[in-house]
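*Asks:* Heads up: the sequence lines are chains A and B, in that order.
For what it's worth, our numbering labels the leading residue of the first sequence as 1, then goes sequentially.
For what it's worth, our numbering labels the leading residue of the second sequence as 1001, then goes sequentially.
It is possible that part of the hints are untrue.
[Unchecked claim] The list that follows gives simulated cross-link-like pairs (lysine-lysine, DSBU-like), each with its CA atoms no further than 30 Å apart:
id, chain 1, residue 1, chain 2, residue 2
1, B, K1186, B, K1099
2, A, K252, B, K1291
3, B, K1143, B, K1247
4, A, K266, B, K1291
5, B, K1328, A, K331
6, B, K1247, B, K1232
7, A, K212, A, K158
8, A, K331, B, K1143
9, B, K1003, B, K1232
10, B, K1116, B, K1186
11, A, K179, A, K212
12, B, K1143, B, K1176
13, B, K1142, B, K1116
14, A, K61, A, K266
15, B, K1291, A, K365
[Claimed, not checked] Pair by pair, the computed Cβ-Cβ distance ranges are:
id, chain 1, residue 1, chain 2, residue 2, range
16, B, Q1134, A, T74, 46 to 52 Å
17, A, P278, B, Q1134, 29 to 35 Å
18, A, E386, B, S1380, 46 to 52 Å
19, A, Q288, B, P1370, 15 to 21 Å
Simulated from the structure, these hints should not be mistaken for laboratory data.
All C-beta atoms, glycine included, are put in the ideal place defined by N, C-alpha and C.
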Amino acid sequence: MPIKVLGIILAGGLGRRLSPLTQQRAKPSVPFGGKYRIIDFVLSNFINSEIYSIYVLMQFKCQSLMEHLRDGWTIGSTIRDFFIMPVPAQMRTGEDWYRGTADAVYQNLHLIERTYPEVVAIFNADHIYRMDIRRMLQYHREKEAEVTVAAIPLPIEKSHPFGVIQVDDNWRIIGYEEKPENPHPIPGSPDMALVSMGNYLFNTTVLSETLKKDVESSGKYDLAGEVIPILFQKRRVFAYDFRMNRIPGALKNGENSYWRDIGTIKAYYEANMDLTTPVPSFNLYNWQWPLRTATYATPPAKLIYDQYGREAVARDSLIAGGTIISGGEVKNSVVGRHVFVGSRCLIEDSIIFDHVTLMEDVRIKRAIIDKNVTLPPGTRIGYDMEQDRRHYFVDPSGIVVVPKAEIQKCLIHS
Amino acid sequence: MQKILAMILAGGRVDELSVLTFYRPKSAVPFGGLYRVIDCPLSNLRYSNIENVGILSQYRSYSLINHIGQGASWDMVGRHRGVTMLPPFQGHKASDWYKGTADAVFQNLDFINYHKPELVMVLSGDHIYRMDYQPMLAYHLKKKADLTAAFVAVETREAPRFGLARIADEDKAGGKILLYQEKPAKPASNWASMTIYLFRPEVLREVLQENAKSDSHEFGRDIIPAMLGRYKVYGYKHTGYWGYSRKLEEYWQANMDTLGRRPKIVLREWMLRTNLDHQAIRDRQPAVIGKTARINNTSFYHGCRIEGQVENSVLFPGVRIANGAIVKDSVLFFDTTVEEGAFLEKVISDVDVVIGAHTVMGKRNGAVAPQGGITVIGRSTQIPAGLTIGPGCTIYPDLRPEQFTKKKIPSGEAVQ
């Protein structure tokens, strides 16, 4: 018998550490991989797992996210249970915005109670990965769990920045620590710790009882940090090992276990660069598990000679539609839509968003150029950190970010 | 604003396009690296705010029906807009397959009556061009014409292939049609009909009913000449790119016209709309350009994976070019695979074609070859490795590697 599942995507995060990419948009709507947005990953996971009733909870800077949902994720029109619906904070329960992940769900309990699904799948919108949620649901049932938390084993030394779960031999959760100094290892693998992916399955009754008590009475607003750590003491809460998940059509190189938290500029940059390697660790194009997004009838991309007859060059790169490279060179980069790369340009190890114009002789190394930016002839980025710091944003990792055109103006004038 | 109903003639096969129109009418032939030919008139209609469209289909209409869908790609879904497919139907008396362009419209007069338009536009779905129909419409109204037909200047030596009109020099936009000849041996003008007609509905009804009694039913050959002298028939002169593309060479050239530093067809400006669900364009990832790729004067799209050398070519979504392969002057449709070390010159390959490793196709070495030296490969054919296929060959659809019995196929031959 099919489980009736309601999907809830937590898309309200500010994504401060991804600034300035998040200065005008919520983190889930930051572009990724040339034509996608980060939220496309979780949405594709839901749709490919045949979960078609989805609320997307959002609040900060959600205009771009809502437009993206409209352009790419409008589903179903006649069947009531098929929807992807943006839910901005509406102050239904009082004069507060969403005060945390648990509060966001709590403020929308009426939406859950209205449909009364068997299970509520609460997933975050911040990660790059692919997951067949049906397999996690199966696990949830087999364990007779009331709550299941998706978790990925990471080497202990890499697990500090995350929430680490402690499990018993049966993978029932017996402890949870946010950013621990000494993470508990997984039973049987002393070098590995179990990191929460921020994706949960809740039996509906457990969810509404818990939230009513915790949020309403005790003022606990954070799902990972405040609600889960006490929930496992009374309820059957299990961890689901992400390594067990299999999606159809995956590459044999461990793609199934690919998961990236792209909370920082460096992590975001590296996940994009993963796409440019000869055998990408993450294949965006899988017939059996398509990554969907908003698509426009952009014309084909072109490589053409420039006015001096100089050839354009592209290598080890991802290039989206509408982009024209005219006598310039693009290496090891991810290039979005409607980008123009002019004569004698050299773009290396960089991420270029949509509608960027690079005029003659622009050289860019290890940089992220946000939407709508035009760089005048002779611009150099990534060659002189001192100079870059004066004009743009430079991440501690040395990656230069040129913010969206509109923000850049403010930056220069201030 | 006038209520206009557009009827697109989209059923024709066009023999000269060879195996490309084996499984689809000309209007559904892929074009420009992403689109279908019919996207041109449909996008023109969209941008001209003409939002009620009937599409007269006939030959193997599956591909066309699939492409049009509900018309949402051209924003033609709504309370007062819509696209309707009008395939031929069995008449009351006998099987009345469309017997010509005029007959196709005649058989759908009830559809026109139902819409009660103030103007009927009849236009071909087979041509590659960009045109705002509104000025032509304004001209038609200004002249209080019964019929206005659009014309474009063609080269004099090409003129005998077209319907030609001598147009009175009334103003810059055109004038009364003085003489109309369908494909004359001795052209009296070089203004060629673009097969775009604006009719007053009453007049259209009248002339179609009259024509139904005769045994030839074409707008160009029969309707226009019969109307001259009896009705107000105007010629409207259009300037700009117009791709007739009824011959393989012309079709190839129209694709090449999207390339170059100053392309004749500026797709970025045309902004053609197309159905992104067709061939799953929507779900394909950005093109992947590998370490060994060398790409010159070439367009490509999402889903392409290029590791070899490409020059002066148009690659549709999903085309894969392996390391060591060389592709020149070619148009490769959706999901064509060119395997390692293969060589292609002036090849048009249909959807899902595979060209085996080290196969050499169309190498001309300067020699003259039939059909302009273009080698065309039909849908889903798999060409085995190590073959040599001369220029100007025609390879039929759905062939398996074992069906190629010869290692060498000389110039101009057909394999079926």
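*Asks:* Can you list which hints this structure breaks, lowest number first?
*Replies:* Result: hints 3, 6, 7, 8, 10, 16, 17, 18, 19 break, sorted rising.
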